[in-house]
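Note that the protein sequences, when read in sequence, are chains A and B. Everything in the first sequence is counted per numbering that gives the first Met the number 0, starting at 0 for the first residue and increasing by one. Everything in the second sequence is counted per numbering that gives the first Met the number 0, starting at 0 for the first residue and increasing by one.
You may find that some hints are simply not true.
Intra- or inter-copy, both count: the list cannot distinguish identical chains.
Said to hold, decoys possible - In silico EDC-like pairs for lysine to aspartate or glutamate, Cα to Cα no more than 20 Å straight-line:
1. K160 <-> E229
2. K304 <-> D286
3. K53 <-> D36
4. K277 <-> E229
FYI, nobody ran anything at the bench for these hints, they're computed from the structure.
2 protein chains.
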Amino acid sequence: MISRFADLVKSLPRRSPANPFFLLRPPAAPRARAMSDLRAPEHQVAGHRASFNKLGPLVDGAGLLYKPLQAGDRGEQEAAFYEAFSSHPAIPRRIRDAFFPGFHGTRLLPTAARPGEPHPHLVLDDLLAGLEAPSVMDVKIGACTWPPASPEPYVAKCLAKDRGSTSVVLGFRVSGARVVGAGGAVWRPERPEIKALDTAGVRRVLRRYVSSVADEGADCALAPAVYGGEGGVLSQLRELKAWFEVQTLFHFYSASILLGYDANAVAAAGPGGGVRVKLVDFAHVVDGDGVIDHNFLGGLCSLIKFISDIVDETP
Amino acid sequence: MISRFADLVKSLPRRSPANPFFLLRPPAAPRARAMSDLRAPEHQVAGHRASFNKLGPLVDGAGLLYKPLQAGDRGEQEAAFYEAFSSHPAIPRRIRDAFFPGFHGTRLLPTAARPGEPHPHLVLDDLLAGLEAPSVMDVKIGACTWPPASPEPYVAKCLAKDRGSTSVVLGFRVSGARVVGAGGAVWRPERPEIKALDTAGVRRVLRRYVSSVADEGADCALAPAVYGGEGGVLSQLRELKAWFEVQTLFHFYSASILLGYDANAVAAAGPGGGVRVKLVDFAHVVDGDGVIDHNFLGGLCSLIKFISDIVDETP
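Chain A on its own, in the form it takes in the complex:
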């Protein structure tokens, strides 16, 4: 077994047209009935979206999501992370199953953008599968989104974004949201609105995420069911925090926590029913080298405090 993640990445043959599957495990068998069943997910809230001439994630409607490998080394880094993480004996099974998308290898898929040049995709569990009316939020965790050994221009670019957003001040930033309110009305802020969020704005979005009203008001009616109670967001985040207090295997720079719940079902299912808390986006994960991920942990604790304040304020 290759114990250090960096060594695993180094050991991988470089991707090339002749060698598109650079990973150790065989690609997953497709579950989609046909390639034509693949479609851009309706409920994506952050990252590149698939369109006629752009690569983006695709879902098969049968529980899988296909995420195109990113350009540069990022695609390989993310694939190598999933490979290392999914087989690492020191990751508690409960942590892997509860907080990370299931990984099913990689798969070459034809793309509309470049006919005749299939592109490698990560095959992952579709985290929103089975939710009838998904309310989703993507929260990028950490005051610092650049791994310490990054090249200078990348550090400068990330630092400007971290200082220009709430990352430095709050230890996290909201990267996207989609909230299903009363009568199925959907609120989905555009990227400029998301990027302009300050501390008060983040607090508003976190309240609106658990509100049943469709307008700008926030009644936080779903806070007890979604954020509170057994199996709710808070209890899941606290379980994740306990792991981050001791895990020294990986540092999750620029990763996000994806929150999801079914707006239709959550009231019926009661506290915690159907609430999902998952880590996503691992293109900048690096070796922990025996040190805890204090950057992720600090941001996670800050997010927990914001959410617990909302639960405490809700009768």
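Following the hints, put chain B in place on chain A, whose structure we already have.
What follows is chain B alone, placed relative to chain A:
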């Protein structure tokens, strides 16, 4: 009451020769029998040292330390912090008493450096008073040592130091140490050695801090008594952590945790005997504005993990 720390700082009259006591409370009565009793502390491990022509902290041998106000706004900032903190009704008394130096106002003292121009000093508890053979370590907490609203040159200077030291990687850096080993032999690394510490070096210093041997070896013989047990460093740091998980009043940029114990007494007193864990250096503290200090908290959790690893490894 002025509730926001920033408002308190703004409300203070500027310091001037005509108005050297800008604080709200009257200066403390001197406890030293005479000014000539004041001397530079023997056991200082970080910061400027007092000498014939340099300002530095002085102790009176009766339990008080006089810290000269720093240049620029820093001195006022630190004094304003002590003023705000020592009277803030939302600070639990146990936290203030256990983890912060007692504050006794400010006092003008003549200085050798500038005869005829007395300089204002903070009057604080001498944290090492009563220790016969003090082993001391200063650990600057936080991956980021610059408050978000700092001017660009200051950000650039701090960021270079944070990246050049272990701060970014570990969430803390050792700023100084003094360890009394067998037979009273003192190990006190010079600043260049301290500044060059990498992750492995920090681990070595943390082990050596609780070792009874005088040479470079580290037997960690005192780890159970100093780091472990009831009242030991770990249990105190965990109590501090619990407060940082909820406190949103102050962000402690560039503050340090000072560890101290009496090498002569610690074996006799048993686990936790005489072990001190205090926060110091508050020139860059800013308002928390309702957000936890995720930067300090993350670094604190990282330090806790390093120390708990040493306790776990010690039989």
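- Task: Against the structure, test the hints numbered earlier, and report the numbers of the ones violated in rising order.
- Result: Checked against the structure, the only hint that fails is number 1, while the rest are satisfied.
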